[in-house]
Amino acid sequence: MKLAVIALLITAASAFTGVAPAKPSTQLNAADSRRAFLTSAAGAAAAVVGASPAFAIRDYEGLGYLGGGSQVDLNNANVRAYLKMPGMYPAVAGKIVSNGPYSSVGDIYNIAGLTSREKDVLKKYESKFVALKPSADFVIDRINNGLYR
Amino acid sequence: MKFLLVSTLLATAGAFSPVTPQIRPSTSLSASKSDAFAATALATVLAAGAMAQPAQAITKSEINQLSYLQVKGTGLANRCPEVVGEGSITPKSGQKLVDMCIEPKAWAVEEEVGSRGATERKFVTSKVMTRQTYTLDGIEGDITGGSNVVFTEKEGIDYAATTVQMPGGERVPFLFTVKNLVAKGNGPAFKPGFQMGGAFKTPSYRTGLFLDPKGRGGTTGYDMAVALPGLQSGVDGDDAMFKENNKTFDITDGKIEFEVNKVNTEEQEIGGVFVATQLSDTDMGSKVPKKILTKGIFYARVDTPV
Chain L
1 MKLAVIALLI TAASAFTGVA PAKPSTQLNA ADSRRAFLTS AAGAAAAVVG ASPAFAIRDY
61 EGLGYLGGGS QVDLNNANVR AYLKMPGMYP AVAGKIVSNG PYSSVGDIYN IAGLTSREKD
121 VLKKYESKFV ALKPSADFVI DRINNGLYR
Chain D
1 MKFLLVSTLL ATAGAFSPVT PQIRPSTSLS ASKSDAFAAT ALATVLAAGA MAQPAQAITK
61 SEINQLSYLQ VKGTGLANRC PEVVGEGSIT PKSGQKLVDM CIEPKAWAVE EEVGSRGATE
121 RKFVTSKVMT RQTYTLDGIE GDITGGSNVV FTEKEGIDYA ATTVQMPGGE RVPFLFTVKN
181 LVAKGNGPAF KPGFQMGGAF KTPSYRTGLF LDPKGRGGTT GYDMAVALPG LQSGVDGDDA
241 MFKENNKTFD ITDGKIEFEV NKVNTEEQEI GGVFVATQLS DTDMGSKVPK KILTKGIFYA
301 RVDTPV
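Chains L and D, in that order, give the protein sequences.
For what it's worth, our numbering labels the leading residue of the first sequence as 1, then goes sequentially.
For what it's worth, our numbering labels the leading residue of the second sequence as 1, then goes sequentially.
Treat the hints as calculated values from the structure; they're not laboratory data.
From a predicted model like this one, the values you see are computed outputs, not experimental measurements.
Honestly, I wouldn't trust all of these hints.
As the list claims (entries may be wrong) - In silico PhoX-like links for lysine-lysine, alpha-carbon gap of 25 Å or less:
#, chain 1, residue 1, chain 2, residue 2
1, L, K95, D, K154
2, D, K154, L, K133
3, D, K92, D, K184
4, D, K127, D, K179
5, D, K201, D, K243
6, L, K128, L, K84
7, D, K255, D, K291
8, D, K179, L, K95
9, D, K291, D, K184
10, L, K95, D, K96
11, D, K105, D, K255
12, D, K179, D, K60
13, D, K290, D, K255
14, L, K119, D, K154
15, D, K290, D, K122
16, D, K201, D, K290
17, D, K179, L, K133
18, L, K95, D, K201
19, D, K291, D, K105
20, D, K122, D, K262
21, D, K290, L, K133
Please build the complete structure, drawing on both the sequences and the hints.
Printed below as a string of structure tokens:
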């Protein structure tokens, strides 16, 4: 009997996977699916009204590349993410965030006004860079995001 | 028809004559209290006098001669310089437009006017609530020469958070901006009558790190209202508050048209009027934005990079 209940729960839980793809989240499954449902419902409503169909970004995939991890996202990370790389901040880092977006990591060598020494620094850290899709709400905060530590 | 409308708007914008605030000679550090009172009284008289006086042009070279203390507190930093002369400048590709200043002088908000059955959308003149910080300045970008000059905005103080108040008392915040502007001209040279215009992007009034009073934000903060957990549990959940909880970063389109009416060939300066339309703040996705119309004057200088 108990086993049957558990099996039922598992099947019920698997029914949610179609709605909300597995993503690392602190949310309970039920809450997540409710949100997904509301999002789709509101999406349909928005499509009817013609209002903005945009939805808040929750659990942004590129979060680990904004300065907290070992790799830094050239397109979205704030200038201070380069503080951990000696030689980068502020000159080279400033040039990176003032330009872009970059379609690949190799694009950074095309920044106008880079000296050969600065290119050497970029070469040194090339493996630590990634170029993810620019996300407008992070791009606008690349130079000054208002966090001063 | 559209072009006619734009030219009419530009013509009305042309009615704005330069307003020159009285420049006071610095705030004295050693002023005693009574001196300060006298100075205030004098300043008031001067300000009143300045309003009564006919408008007087203050050019970029005159502004450049002023010290910080001479400008501080006068509101002059919120004015665009005037251009003297009616010459002509034919820009070449590779040259830049620098020190561009865009000063709105009148604001209007689109509103549904009239009783039911016969409503129409109309721009209602609104009063600016922002003090002396609504002018864009130091904007620069590349010029492409040829049969039609094209200006591409690159950087500068290209946004200013502004609030206007509609006649009914409703306040409408908006991010006055010309970000990513690409303005196409109607001729090869800047001369009186030259027009250029194009589309720009208006980013969200608030950026990702802004937290609302309930601790919710775009790229940071909580997903739901911290102060109201009871409202957001149960079957309906945050249905009622979805709009407020769903923080988005909305980027909308705007349009601006410039008309040059003064050109100083010697200083390579151009000046004129503009009309711009854009959308107001959406409060991070929870409100329907209103359409804003701004009219005013602009200044720019053609620069040849060495």
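Hint check:
This hinted pair checks out: K95 of chain L and K154 of chain D have alpha carbons roughly 14 Å apart, not beyond 25 Å. Simply put, K154 of chain D and K133 of chain L have alpha-carbon atoms about 21 Å apart, close enough for the 25 Å limit, and the pair holds. This hinted pair checks out: K92 of chain D and K184 of chain D have alpha carbons roughly 14 Å apart, not beyond 25 Å. Between K127 of chain D and K179 of chain D the CA atoms are separated by roughly 24 Å; this keeps the pair inside 25 Å, and the hint holds.
At most 25 Å may separate the alpha-carbon atoms for a hinted pair to count; K201 of chain D and K243 of chain D meet this at roughly 23 Å. Restraint check for K128 of chain L and K84 of chain L: satisfied, since their Cα atoms lie roughly 11 Å apart, inside the 25 Å limit. Between K255 of chain D and K291 of chain D the alpha-carbon distance is near 11 Å, which keeps this suggested pair within the 25 Å criterion. Pair hint K179 of chain D plus K95 of chain L holds up; C-alpha atoms about 19 Å apart against a cutoff of 25 Å.
For the hint linking K291 of chain D to K184 of chain D, the alpha-carbon distance of about 23 Å falls within 25 Å, and the restraint holds. Restraint check: the Cα-Cα separation between K95 of chain L and K96 of chain D comes to about 20 Å, which is no more than 25 Å; the hinted pair holds. For a cut-off of 25 Å, the pair hint linking K105 of chain D to K255 of chain D stands: about 17 Å separates their Cα positions. With a CA separation close to 24 Å, the supplied pair K179 of chain D and K60 of chain D stays within the 25 Å bound.
For the hint linking K290 of chain D to K255 of chain D, the alpha-carbon distance of about 14 Å falls within 25 Å, and the restraint holds. Taken as a hint, the K119 of chain L and K154 of chain D pair is honoured in the structure, with Cα atoms around 24 Å apart against an allowance of 25 Å. Distance hint between K290 of chain D and K122 of chain D is fulfilled; the C-alpha atoms sit about 11 Å from each other, no more than 25 Å. For the suggested pair K201 of chain D and K290 of chain D, the alpha carbons sit about 15 Å apart, so the restraint of at most 25 Å is met.
At most 25 Å may separate the alpha-carbon atoms for a hinted pair to count; K179 of chain D and K133 of chain L meet this at roughly 20 Å. Distance restraint check for K95 of chain L and K201 of chain D: the Cα-Cα separation of roughly 23 Å lies within the 25 Å cut-off, and the hinted pair is therefore satisfied. Restraint check: the Cα-Cα separation between K291 of chain D and K105 of chain D comes to about 17 Å, which is no more than 25 Å; the hinted pair holds. Restraint check for K122 of chain D and K262 of chain D: not satisfied, since their Cα atoms lie roughly 31 Å apart, outside the 25 Å limit.
This hinted pair does not check out: K290 of chain D and K133 of chain L have alpha carbons roughly 30 Å apart, beyond 25 Å.
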